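Enquirer: Here's the letter readout for the chains.
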Amino acid sequence: MQLGLEYYLVLSALLFTIGVIGVLIRRNAIIIFMCIELMLNAANLAFVAISRNLGDPDGQLFVFFVMAVAAAEVAIGLAIIVSVFKHRETINVDEVNSLKG
Amino acid sequence: MDNLPLHVFIISSIVKILIIAHLLIIGVMAMIWSERRVSGWMQDRLGPNRVGPQGLLQPIADGIKFLFKEDLIPNHVDKPLYVLAPVMLLVPAMIAIAVVPFGSSMTILGHEIPLQIADINIGILYILAITSLGVYGVVIGAWASNNKYSLLGGLRSSAQMISYELTLGLAIIGVLMLTDLPDEILTKLGDDEVNPLSLRHIAYAQGVHSWNILVHFPAFLAFTTAMFAETNRLPFDLAEAEQELVAGYHTEYSSMKFAIFFMAEYMNMIVGSAVVVTLFLGGWHFFGLEAIGGPFWSGVISFAILFVKTGVFLFVFIWVRWTLPRFRYDQLMNFGWKFLLPVALTSIVVTGTLYIATNGNRLWIGIGNVVAAFIVVAIVAGMLAMDNNSKSAVQSTPAAAPLRGLDAVE
Amino acid sequence: MNPEMILFFIFGAVSLIGAIAVISFRHPIYSALSLIVTFFAQAGLFVLLGAHFVAAVQVIVYAGAIMVLFLFVIMLLNLGTLSAKGALTGKLKGVAIVLGILLAVQGIYIAVNALKNTALQDAEAATETVTTYTIGELLFSKYLLPFEVTSLILLAALIGVIVLVKRENQTEN
Numbered sequence: 001m002q003l004g005l006e007y008y009l010v011l012s013a014l015l016f017t018i019g020v021i022g023v024l025i026r027r028n029a030i031i032i033f034m035c036i037e038l039m040l041n042a043a044n045l046a047f048v049a050i051s052r053n054l055g056d057p058d059g060q061l062f063v064f065f066v067m068a069v070a071a072a073e074v075a076i077g078l079a080i081i082v083s084v085f086k087h088r089e090t091i092n093v094d095e096v097n098s099l100k101g
Numbered sequence: 001m002d003n004l005p006l007h008v009f010i011i012s013s014i015v016k017i018l019i020i021a022h023l024l025i026i027g028v029m030a031m032i033w034s035e036r037r038v039s040g041w042m043q044d045r046l047g048p049n050r051v052g053p054q055g056l057l058q059p060i061a062d063g064i065k066f067l068f069k070e071d072l073i074p075n076h077v078d079k080p081l082y083v084l085a086p087v088m089l090l091v092p093a094m095i096a097i098a099v100v101p102f103g104s105s106m107t108i109l110g111h112e113i114p115l116q117i118a119d120i121n122i123g124i125l126y127i128l129a130i131t132s133l134g135v136y137g138v139v140i141g142a143w144a145s146n147n148k149y150s151l152l153g154g155l156r157s158s159a160q161m162i163s164y165e166l167t168l169g170l171a172i173i174g175v176l177m178l179t180d181l182p183d184e185i186l187t188k189l190g191d192d193e194v195n196p197l198s199l200r201h202i203a204y205a206q207g208v209h210s211w212n213i214l215v216h217f218p219a220f221l222a223f224t225t226a227m228f229a230e231t232n233r234l235p236f237d238l239a240e241a242e243q244e245l246v247a248g249y250h251t252e253y254s255s256m257k258f259a260i261f262f263m264a265e266y267m268n269m270i271v272g273s274a275v276v277v278t279l280f281l282g283g284w285h286f287f288g289l290e291a292i293g294g295p296f297w298s299g300v301i302s303f304a305i306l307f308v309k310t311g312v313f314l315f316v317f318i319w320v321r322w323t324l325p326r327f328r329y330d331q332l333m334n335f336g337w338k339f340l341l342p343v344a345l346t347s348i349v350v351t352g353t354l355y356i357a358t359n360g361n362r363l364w365i366g367i368g369n370v371v372a373a374f375i376v377v378a379i380v381a382g383m384l385a386m387d388n389n390s391k392s393a394v395q396s397t398p399a400a401a402p403l404r405g406l407d408a409v410e
Numbered sequence: 001m002n003p004e005m006i007l008f009f010i011f012g013a014v015s016l017i018g019a020i021a022v023i024s025f026r027h028p029i030y031s032a033l034s035l036i037v038t039f040f041a042q043a044g045l046f047v048l049l050g051a052h053f054v055a056a057v058q059v060i061v062y063a064g065a066i067m068v069l070f071l072f073v074i075m076l077l078n079l080g081t082l083s084a085k086g087a088l089t090g091k092l093k094g095v096a097i098v099l100g101i102l103l104a105v106q107g108i109y110i111a112v113n114a115l116k117n118t119a120l121q122d123a124e125a126a127t128e129t130v131t132t133y134t135i136g137e138l139l140f141s142k143y144l145l146p147f148e149v150t151s152l153i154l155l156a157a158l159i160g161v162i163v164l165v166k167r168e169n170q171t172e173n
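Chains as they are written, first to last, in my numbering: chain P, 1 to 101; chain C, 1 to 410; chain U, 1 to 173.
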């Protein structure tokens, strides 16, 4: 007896949506970044749920690759945020709108 | 063992949890007493000896004192997080013990009960995951205190913990690679195949083969050192270096909240020692002594052996604290990244290669590990020495060392 | 109500509340802590799905490393005071909520409806817990190339961060 796949996919869809809303309404670069992590996690949840339903562990491996890429992305992204902050004294994405350093 | 009836499973689990949780708390009290007495002994003075025989009741007196002190919350703190932080440090320290086996197994009323709260199949990863959470208590407490000394302590400690966690994880991989069990023990345990991540299997494997410390000596040293760093003890207590940072992340804490920080530190030490003993020092095995007695008494004896071993290791913690001076921040980072991490990585490579090359001969793997670790340390030290010679002319003085905490992200 | 369902609703509710808290707290530190709560609840869901190893890695990587970096940067830049004003943009808010609701409805619709007809649903064979052994074996056989590429990505990230940060130091000095 196991819970149907739909439950997990609905939860995953909701989490992803919250992430998207966060990216759209928040202006703080760090929070936008967190929302991206939230979306990645929602995708991971869907991967694992479908992996169980198909009886195929491959889905879990994709979660690892997603996590590895997310870790790399966070390192780079936070470094960029820190350097932007040093130049502009702000991390509000609306104020960081020119390509000039 | 997995086929315990449900009610036996539930009752035995509750009893085990109660015993272990209380042992941890009593252990903390014993540690507070012994730390003060041992430090007194090492410094040729007496230490607390007034409250009760040999000062044994001193921790209780301390506890009462903490309880009756005013629970002060300063005005400038971030109140919710300030209150939450000590708990965030204490809880990981307490729940990590759940997967550590504290004995072989004990037969009570015809049921063979494993002396371990939960044997989950990712055992050691669970411990790594939980220990990595301890950093939040420190960081959040530091930030919520809204005090620059606390913040510097918190930043230092988070950088330190992230750096040493890597060593902690990498050092055990060699152990996991060599964990295997003969079939008769597996059938006795009721498992189909050996699961190297399970601390129980690791402990049993050391009863069959040799203790892991003999095979993985460099990994043991790296793991232990990283464990010291994770528990924020001297010589790694830069997060609370009194000369520089008042008291670091718990400067603003008083009364019971401070006591909880204190308890969490000692609990981390106890859990850490138990993990080291299980992974490297043979767990509950002591040259066949654990097999003496019937199915009931052998369980008790194995528990006692683990208890004594953990106690001895805790003494090492105290001994190191009162012997070694504190690292400077850049020395700490250099040591972690340039010595410990290469040693841990070497142990993986050497163990894996020699396992294939010598067909799993533990003697050769043990020798190879030590030799390789020596070579790596020599190479790194040589390179550092050359580096220092070439730039010693422009080298800046270490006067800015207290603020080096910020270097980690710059 | 079987145990899995009860646990699913507990973990699901916690992760949703945590996620909403991430986007509604004004202070980034609180957002980061809420995100940690969400990650924990997700680790619980992974355990429910029999993916124990993924759950452990989730806690180690996300809660243990990534979020510490976030907290580190937030504390270092001391963002609290800066972001208090203008944290939300008024003009995009309405659009965002409409888009969000549309997206949610769409996702749920696909999840509930489309799956009823596909082969996914009748894969009744409840899978066993995927052991670490299985994952390791797949990682070093079928997925060897992606695995190696991942290590290259991590190396690239490492070098990228050092380059980003090193140049800053030199221009400042």
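No lab work stands behind these hints, which were simulated from the structure alone. Keep in mind that a hint or two might mislead.
[As the list claims (entries may be wrong)] These stretches of chain C come out as covered by chain U in the derived footprint (C-beta under 8 Å, 3 or more residues): (1) 48–55; (2) 151–164.
[Stated by the list, open to error] SDA-like cross-link-like pairs, simulated, lysine to any residue; straight-line CA separation at most 25 Å: (3) P:86 / U:151; (4) C:148 / C:169; (5) U:166 / P:75; (6) P:86 / U:131; (7) C:338 / U:142; (8) U:166 / P:7; (9) U:166 / P:55; (10) U:142 / C:69; (11) U:142 / U:131; (12) C:69 / C:356; (13) C:65 / C:40; (14) C:338 / U:151; (15) C:338 / C:298; (16) C:338 / C:176; (17) C:79 / U:78.
These numbers were taken from a predicted model, which means no experiment stands behind them. Virtual Cβ for every residue (Gly too), placed ideally from N, Cα, C.
Enquirer: Taking the hints in turn, state whether each one holds.
Expert: Outcome of the hint check:
1. 48–55: violated (count 0)
2. 151–164: holds (count 7)
3. P:86 / U:151: Not satisfied, since the Cα-Cα distance of roughly 30 Å exceeds 25 Å.
4. C:148 / C:169: With Cα atoms ~32 Å apart, residue 148 of chain C and residue 169 of chain C exceed 25 Å; violated.
5. U:166 / P:75: Between residue 166 of chain U and residue 75 of chain P the Cα gap is close to 14 Å, so the pair holds against 25 Å.
6. P:86 / U:131: violated (46 Å)
7. C:338 / U:142: It is violated: about 34 Å lies between the C-alpha atoms, which goes past 25 Å.
8. U:166 / P:7: It is violated: about 47 Å lies between the C-alpha atoms, which goes past 25 Å.
9. U:166 / P:55: Violated, at roughly 47 Å.
10. U:142 / C:69: Since the Cα atoms of residue 142 of chain U and residue 69 of chain C sit roughly 62 Å apart, the hinted pair is violated (cutoff 25 Å).
11. U:142 / U:131: holds (16 Å)
12. C:69 / C:356: violated (61 Å)
13. C:65 / C:40: With a Cα-Cα distance of about 22 Å, the restraint between residue 65 of chain C and residue 40 of chain C holds, given a limit of 25 Å.
14. C:338 / U:151: With a Cα-Cα distance of about 20 Å, the restraint between residue 338 of chain C and residue 151 of chain U holds, given a limit of 25 Å.
15. C:338 / C:298: violated (44 Å)
16. C:338 / C:176: Since the Cα atoms of residue 338 of chain C and residue 176 of chain C sit roughly 24 Å apart, the hinted pair holds (cutoff 25 Å).
17. C:79 / U:78: Roughly 17 Å between the alpha carbons, so the hint for residue 79 of chain C and residue 78 of chain U holds.
The structure does not agree with the numbered hints 1, 3, 4, 6, 7, 8, 9, 10, 12 and 15 stated previously, though it agrees with the rest.
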